Structures are given as structure tokens and as C-alpha cells.
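Starting from the structure of chain S, add chain R where the hints point.
Protein chains in written order, with our numbering: chain S, 474 to 783; chain R, 194 to 556.
Hints listed in this document are in silico derivations from the structure and should not be mistaken for laboratory results.
A quick note: this is a predicted structure, and the numbers were derived from the prediction, not measured.
Even glycine gets a Cβ: it sits at the ideal position worked out from N, Cα and C.
A couple of the hints might just be wrong.
[Said to hold, decoys possible] With the Cβ distance kept under 8 Å, some of the chain S side facing chain R (calculated, not the full set):
| # | residue |
| --- | --- |
| 1 | Thr-482 |
| 2 | Gln-588 |
| 3 | Leu-687 |
| 4 | Leu-691 |
| 5 | Asn-693 |
| 6 | Gln-697 |
| 7 | Ser-701 |
| 8 | Leu-736 |
| 9 | Gln-739 |
| 10 | Ser-747 |
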Amino acid sequence: MISDLFSVTVLIGILASGIRLATPYLYAAIGETFGQRSGVLNLGVEGQMLLGAFAAFYVALTTGSLWLGVLTAMIVGAMMGLAMAYVTVNLNAEQGISGIGFFLFGLGMSDLLFQKLLGTVETVKGFPKIYISGLSDIPGIGEIFFSQNLLVYGAYLLVPIAWFVLNKTTLGLKIRSVGENPDAADSLGVSVARVRYFTIILGGTLSGLGGASLSIALLNVFQQHMTSGLGFIAVALVYFGAWRPIGVLGGALLFSMINSLQLWIQVKGIAIPSDIAAMMPYVFTILVLVASVSRVRAPSALTKPFEREN
Amino acid sequence: MKKFAWFLTLMLAFALVLSACGAPAATQPPAPAPTEAPAQPTEAPATESPTEAPAATEVPAAEPFRVAVVMPSTINDLAFSQSMYDALVRIQEKMGGADAFEIAYSESLGNPDDAAAAIRDYASQGFNLIIAHGSQYGSALQEIAPDFPETSFAWGTTVDTFGLPNIFAYEAASQEGGFVFGVMAAGLTKSNVIGVVGPIETGDAKLYVDGFKAGVLSVKPDAQVNVTYIGSFGDVALAAEAATTHISNGADVLTGTAQMVVGAIGKAEESNVFWFGTQSNQASLAPSIVVASQVYVWDSAVEEMISKIKAGTLGGESFTINLANGGEVIEFNPDSTVAADAKDLADTTIDGIKDGSITITLP
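Next up, chain S with everything else stripped away, as it sits in the complex (with noise of 0.2 Å):
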């Protein structure tokens, strides 16, 4: 019955569910949103979030410090990043398709990791919930709110702090303009190839954690391909949020909720087809995005090499 959904229960569930499958898409897009403000398109986020995780979960496993598999993850997303990097701004190669090519690369190298280091799939013991005194007792907001483990509370803190980077400081003021105009921001000695070479870096890191919040504190598996797709939504999402940090945490949890909500709708067994149920949150944000598409405007630079005219 449709009526079955509007309850309590239901709401409370969509939300904290939304939230948490939120997570890696608002780490690996509000990274990709920097590198696309430089004018950097990074296909290959879902390369670095298999990896990512891999690493994570590997070292995880191996030392059990949670930290350290969270560093690693973030390191192997720089090394990631520090390689995209280089092909794109020194060897000045096509963006979308080098982006494809470290997709495959991650795919390819963390299957034969976890063939060769693990063989079959295993748990390990992940980020806990962290337990709020107090708030965390609060009915309903506290189950949504306070109820989450550390890597999903970080995911929603880097939402303000990259608008506040993006927006309010030189950094971003030189990330934007780079990605504007490199001519101009060259002309006025900002260093086009090291914006973006930070720029691609911050965001192959922050696509490494989002692989983490997957393998060690939602999931606590790693299996291969997990991401499955998820790193492509991650850079859908940066259009769909229009290049602003702001835009992006709301595309994210669009379509994450969207996804809770047809869980609940096959959950409560309403009567539509189990294949329409899981497309919706897919043609929910076609959906949007078609009817806001005019306030859209890329940075001007989007996917062009730079190379300084003598």
C-alpha cells in the first residue's frame, strides 16, 4: 500500500539511509570539483576510489589501525592523481580519454591486488557508529544525525570548508581563474600547472577516502568493482551541482535519497515493477537536471590543455 510509506519509520529510514550512500559520492565529487573548476576533467575517479578502497581495507586488515588504512588510501589517491597530473598537464593528453584509461587502471590493478594479496572475500572491523550523548537520543534526528560513523560526518564537513577554499580565499581564486582563463591567470604569474597539479591531486586524494568510507566504515568488505559505477555518478554530479560544493551535497543526496526511497518502496511491497523501482533515482536526476539546465555554465576552460603562446 502506498499509504504503508508514510510513516515515521519510513522517513527516518530514507533520510539516515540517504545520508550514509551520500558518503563516497560527496568525497570523490567535491574533488572532482576542483579539479574541474583548474579546468581538469577527471574520468578516473572510479580508478582511484577501487584502489582506494583496496588499500584501505588491505592495510586495514593487515596492521588493523583504521587511520592507517585511511592514509594509505589517501596517498594511493594522490599517487593517482600525481600520475593523471602529469599526462594531462605536462603531456598535455586528451582529459577524457587519459581519465578512462586510470578507470581501467584502477579497475585492472585492484582485482589483481585482491587476487593476489586476499584471494576471496573478507570482513574486517570498520569505523564505528560514534555515539553522541545526548544528541544521539534525540528520536527520530538522532537516529539520522547522530547515529553515523566518523567518515560520513568528515564527507559533510568538506562540503563548507571547500566552498569557504573555492570561495573566500586566493587558492581558490587562483583555482578558479586558472580554470576561467589560464591565459590571463598565466599573464598575472599564477602557475597554471601547479594549480592544477594541486587541484588533480586534492581530488584523486579525496576519490582515495571515498574508496575508504566504502571498504572500512559503511561496507567493511572490500569485493571487486565495488564502487560499481559510483565514481561516474560522482563526476555526473559535479554538472548537475553546477561546479559549487553547495550543488554537489544536494545532487548527492537527490539521488541518494531517491535510492533509499525505492528500497522502501519495494521494501513495503508496493506494486511496481523491481527494475522501474531501481531507476528512479537515475532518471530523477535526468529529471532535474533537464529542468535546470539553464542556469548550467562550465568553467571556460573545461578539458582544454593549457599551453603558453610565446
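Quick look at chain R alone, frame taken from chain S:
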């Protein structure tokens, strides 16, 4: 403007395709087939055109019987692909090692086109039996098999041989184990709410889920069995969230099928909710809550195919593994606290299905 809307749509489509295919799909280039046995027959025809049939049908004693398998996920996925690979390894041991029985395999071929290339390649190399282990490989096999009339192919899970004389079909009656677990789940539930995490509503996943539902309702007609199909074989995060949703809705027993359920098992363990596994023994993932797993043992079906091939029949028949012929085995988790009490009920149900006194009616 338009360009970006277009691009976003493309990205979403890409993500949808990837998530729907699950395991490394679409994008992974077909891996060169790693061969288990290093010794290749010296006269293996390497460069024959597809129309010329390569290997001989009769296998002289000195030459190994050569089997190749193409699968959608990996040989250690704790699920579908592993069940077939393990069966081949056991048969190899039984037949006297790599000299008598050669195994070659290609993993992670979620994309039927890549799989088709691998199947054709194996056929040109003169393998005796090529197993296309995935229901998505059907149309590829239908196209390739007539080009190699002397080679035997097997396709699962299905009952369809396309009427071709060199295709065997095989399937698992997974509804039988599903029914047994449904009966057990009905006995275990206190809230009368049971949750199922399924991938896509098709194949042996659907059979298992329908069998499970029928099992629960045969004991407790008033119990609620809620099923979520998440639309993917690979989205571990969504499978986990589906399990959380079931638990929030009051479910105290869960089950699920396909490789992405590893996410769901973790959530069941966190909330201390019972879990029933299928396709492979999942007790190692959460020893405290996994009650039992239904395991596929393809050995008898494959062995029968091999003996038919040796006798000159290359296909045209279909095989079903089930509880009665030992192709499906219910493995109880010795660490589970409930397993001992519930085991008797399960054994009675298994016997009933085996001797036919219990019939499972699927919707």
C-alpha cells in the same frame, strides 16, 4: 550548455550500465586465458579458420580431456563462478591431474561480446568442452556453436540448448534450497517479517527467491516476506542499504543471492539478524549469524557431459542439479547457535523434497 547535459546523460548511462552488469563489466578487455595446465598438446591446431573443425571428437587415452570455462565474475567470488571452478578442480583430481584433464578459464567477462571472443578462441584451440557459465552468454553461443560442430559447448544456467546438437544446457533448481531455508526462516522469525535482498529479477536468483517465499508461506501463511531487487549484481553499497532497510522495517531473518550480498551480510551481522546464504558457503563472512548456505556442486552434471562427449554425444541435452541428485547441498554453519535446533526441521524438508512428498509451487 547542451553539450554538458548530453555529457551528464552519457555519464549516468555509463554508470547505470556498469552498476547493472556488476562485476568488472563492459570495460575490461578480455584477459588472455590463463591455462592451468602448462603442458599444451603439441599438435594443437592454432591457426585454423572457424569453419574447419579443429579437435577430434574421440579422445585417445594419451591426450588430456580439455575443458575451458568462461565466467562473469572471478574464481574466488564466494558465489556463482567459484562453484563451477571448484567443481572442475575436483574433477581434475579425480581424473588424475593436469595430464589427463586440462582446465583453462577466463574470468570477469561480464560483457557477452568479450565472452564471445574468448569462447571462439577456445573453440579454435581445440578444447573438447567449452562451458559458457552465465545466462547472458546464450546468444553468443547460439552464433558460435554451429561453426564448430565437432566441439561441445555447455551453457548455464538455462534449460535451452537452442536445439543444437553440440550444446548442453545446465541449471540449478535453486528454489529447492530456497524452500528449505524459507521453512527454517519461518520457524526462526519472531517479528513475522523476513527480508530478501535480490539482484535482478531473473534466472536462478528469481528461482531462489520464489522458492524461499513459498517455503516461508508454507509454514506461516501470515508472515511478511519482503523482497528488494536492487537492479545490480555488483552494487555492494546498495545491497547493504537494502539490508538496513529490511531491518528498520522489522525483519529479523534475511537472505539474499548473488555476489553483491557480502554488503548485506555485514549489516545483518551488525544488527544480529539471521542470514541464509546461497551459491557458496558464506559462513566465513559472519560466523555468528549465518545459519546455513545452499552450495552448488556442479560435479555430477559436468561429469555426465564429459562421459557423453567421450561416447560421441556432443550436446542436445539439459541437466539440472538439485537436492536429490547431490548437485545442491545444504551446508549448516557449525558455529550458529540455532543451527542445531533448526537442523531437524530442515532435514525433514530436504528429505521431503528429495522423495517428492513436498512439491514447490512457484508463482
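Hint check:
no.	hint	in the structure
1	Thr-482	holds (6 Å)
2	Gln-588	holds (7 Å)
3	Leu-687	holds (6 Å)
4	Leu-691	holds (7 Å)
5	Asn-693	holds (5 Å)
6	Gln-697	holds (6 Å)
7	Ser-701	holds (4 Å)
8	Leu-736	holds (5 Å)
9	Gln-739	holds (4 Å)
10	Ser-747	holds (4 Å)
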